[in-house]
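Visitor: Chains as they are written, first to last, in the working numbering: chain A, 1 to 404; chain B, 1 to 379.
If you're looking for bench data, these hints aren't it; they were derived computationally from the structure.
Just so it is clear, the structure is predicted and the values come from calculations on it, not from any experiment.
For each residue, glycine too, the CB sits at the ideal point set by N, CA and C.
Certain hints may be false.
Claimed, not checked - These stretches of chain B come out as covered by chain A in the derived footprint (C-beta under 8 Å, 3 or more residues): (1) 197–210; (2) 237–244; (3) 271–281.
As the list claims (entries may be wrong) - With a Cα cut of at most 25 Å, we get these calculated BS3-like pairs of lysine-lysine: (4) K159/A to K175/B; (5) K258/B to K309/B; (6) K184/A to K271/A; (7) K212/B to K130/A; (8) K159/A to K208/B; (9) K199/B to K185/B; (10) K309/B to K134/A; (11) K159/A to K212/B; (12) K19/B to K93/B; (13) K371/A to K19/B; (14) K203/B to K159/A; (15) K92/A to K108/A; (16) K371/A to K199/B; (17) K204/B to K159/A; (18) K244/B to K271/A; (19) K130/A to K208/B; (20) K30/B to K48/B; (21) K93/B to K143/B; (22) K80/A to K119/A; (23) K134/A to K208/B; (24) K277/B to K303/B; (25) K134/A to K244/B; (26) K178/B to K159/A; (27) K43/B to K371/A; (28) K371/A to K204/B; (29) K199/B to K159/A; (30) K204/B to K43/B; (31) K208/B to K371/A; (32) K184/A to K262/A.
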Amino acid sequence: MIRFRSVNVRSYSSLRKLATSSLVAVDSAKCFQQSLSDNSTLAKLAKAYKTGKFGVAASNTEMFDDLNSDRSLPLVRFPKLQVFEEVQNDPKVGDWRKPATKWFRLGKKLLKMYLNGIKDTWRVFYDSRKVLQKIGNSQSIITLTYRDLEFQEIQNRIKPGSPVRLAITRRELQEIYRRQELWKLPAFFVLLLIFEETLPVICFLVPSLVPWNCLTPGAYKKLSERRIVSQSLLPFYQLPTSSPSYTPPYALELSHTTDLLKRFKMLSKTKAYLYSWSENRTRLGELLAQFHQYLVLDDWLLLQSILNTDQKTILSEKELVNAILDRQLYRPGEDLNYLTSNEIGRKMLIWRLIVYWSFRFQGTAVTGGSKTFSELWGVNNIGVLNCPGTQQLIDESILSVIEG
Amino acid sequence: MYSCSKLSFKRLSSSLAFKRAPFYEVFPSKKLVNRLLFEMDSKLTFSKLYPVYESVYNSLDVGHTERCFPVSFKGEDVMMMKKVLEKLRHRTKSVNRNLRDLENELLENAAELGDNDAISVLSFNVITNSDKNTPEDVSHAQKLIKSLYQMHHPLTIKLTADFAFASEDFSNAEKYYKLFLDSEKDTYRAGEVNGQLGKISFKKPDLKEAEKYFLESIRLCPLEQVVQSYYHLAQLYMDSEPVKARCLMESAASEGFKESFQLLGFLEMNYFQNLQKALQWFKLGMELFDFECFIGYFDCCMKLKSFQKAKNCLKSMQKLSETNEVSKESFQIFVNSRHDQINSLALYSKNVVADTSLFLHADRTTTDSPIEKESRWNL
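Take the sequences, apply the hints, and build the full model.
Guide: Here it is as structure tokens:
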């Protein structure tokens, strides 16, 4: 069974070409309707979104369930306006000292945020350790889970009836992925002791030093700008007009791979230098494949929740922003936190995710098809990594076309 | 009377025709035998065994080999001698007729000396070849197996499972293999049994359990005994960890496992983008007439722009497809999928003589295909 599968369907097969999903057309209302009828996944997801089966939680709701791990993510809104308004409306504070109180309380709020961030980073590390002990070590946990997913999907195809269930939830997966932030704590703590109240300025200037959940929206934007630069190195970016072709991690140039991995937080500068110096392509290729597998798993867990369960799938604002950042579904200059804070922006981001999933997962087992992700796209196909699934990202004008 | 004389003449002629080679020419080197004995943790040494092997070998055609063994030798010692030869056969992947006869003789002697393993093996040999044995022999063998099974003799349980596996009775095979593992957990045989259990799980399919069994199998056994475990494990890892899959597949290929060549070739060509290495794997597969390897070789040559090699490969494929129905079908799919590349090959032809001769004989030939415009000379 496996042999047949491996010889004839995968990317390294010799006779038959891979069947790939086509890009979702959003140029006009007619094209979009056509896409809805062609792509059943798009239709299902659009329906789930419109009926409220899938959505984003209301603002300022801290979420901690099987899907969301807000404690490991940064603020979406800078609390300045909120704090200033509170002080302004506080009758206990005299008018003459309101300007000073505003800044004092803002500083206090930020300090509290940093302390909570440090505590949460430790908690995430500690809790994820338990999960790792249950399953395996952190180095290969993503690969192990990815393999488990493939195995279960194949088994389910041959003997239907046993639903595919992974050993970890999405929150656990995300916390395992984000647990490395703990190693930033010592340096951050030293900075906190040295700079005290001026720490936000330092964090803004050097955001890479700060643990992920202690970032301010400004610093976050700065990091997102740095990350989107690497988009031009992705294979799909070279062929924006056609459907992506099969590209293994080893097909990229060494410098491109290291750059991408640095941007995806998969590789430190020192390691990147060492691997490049020793021309260790294998390790770099493996890391890039691992990032690809992490995204597939994350997508799968969300899609499984949306399409194959009865309860509602509600993503928090923080998770939405992070999902868009990981998948690079934004343009240079766009402030993701700002977009999430207003209704139109939020809709745009959700539709970008929906189209991205529809393109990648059309025909796979999780959306009602018969193939595993690898069977559909080939082994670790970097050609579809962060491909938005459309010719152009959804913006306000396209949103009006989609929503009618 | 006539037939009797004819038979004795036949025997005489065959004995004259087949003369055994001297023992020192047939028997492996001291170093190799010592290594095998060390691997099997035997207390016997080469110097002690060599004269025994020699005397049994020399008495093969005479019969009565019992007298060849020293008094201190027990059935298990004779069985150890047999296992040395068996391991040698596996390692060299070749069968020497003389050594095979010696091995059989040793097995029978071990059984006569009361070794249960030997009795079990011989009894199963009788049952599997029941058409070549008398009903009395078969029923006696069944009795022996039954009594050994009641004694929970491990090898008998394993052979029972092997028998069920060969008869595609996988549920019973699994039951007996598991029963075997209850008595033996960390021996070479346990490694083989884990490999078999892996295959059963693979068929179910319970791939996670199959992975566990194959891993245990390759942990316990040397490569040559469990090549298939390496191969199957490589297939399981192909999607998630191609680097690991490549390592395992290369191990299988180092033992000459035919199916591994094409997969390694495609993995190197498409995933690791190492065309030269892929070319070498495909070449090995082509020597064994694996059609997929021909296709891989063609693709590799096209990518490396070795058009002459690609053209030669195409010709070989065409010849192969004429002899085999399966290859014919594959060749047709191949031609349809590589239509443009095959056409472009004509442009790069360096086979001037062949093209010119084609031109010269064009008027005489009655083939349906006209001379292509895309030839080297723009004819």
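Visitor: Hint by hint, say whether it matches the structure.
Guide: Cross-check of the supplied hints:
no., hint, verdict
1, 197–210, "holds (count 6)"
2, 237–244, "holds (count 7)"
3, 271–281, "holds (count 3)"
4, K159/A to K175/B, "holds (22 Å)"
5, K258/B to K309/B, "holds (23 Å)"
6, K184/A to K271/A, "holds (16 Å)"
7, K212/B to K130/A, "holds (23 Å)"
8, K159/A to K208/B, "holds (15 Å)"
9, K199/B to K185/B, "holds (18 Å)"
10, K309/B to K134/A, "violated (54 Å)"
11, K159/A to K212/B, "holds (20 Å)"
12, K19/B to K93/B, "holds (24 Å)"
13, K371/A to K19/B, "violated (61 Å)"
14, K203/B to K159/A, "holds (12 Å)"
15, K92/A to K108/A, "holds (18 Å)"
16, K371/A to K199/B, "holds (23 Å)"
17, K204/B to K159/A, "holds (9 Å)"
18, K244/B to K271/A, "holds (22 Å)"
19, K130/A to K208/B, "holds (22 Å)"
20, K30/B to K48/B, "holds (12 Å)"
21, K93/B to K143/B, "violated (34 Å)"
22, K80/A to K119/A, "holds (23 Å)"
23, K134/A to K208/B, "holds (16 Å)"
24, K277/B to K303/B, "holds (13 Å)"
25, K134/A to K244/B, "holds (23 Å)"
26, K178/B to K159/A, "holds (24 Å)"
27, K43/B to K371/A, "violated (56 Å)"
28, K371/A to K204/B, "holds (19 Å)"
29, K199/B to K159/A, "holds (17 Å)"
30, K204/B to K43/B, "violated (42 Å)"
31, K208/B to K371/A, "holds (19 Å)"
32, K184/A to K262/A, "holds (16 Å)"
Checked against the numbered hints listed earlier, the structure breaks hints 10, 13, 21, 27, 30; every other hint is satisfied.
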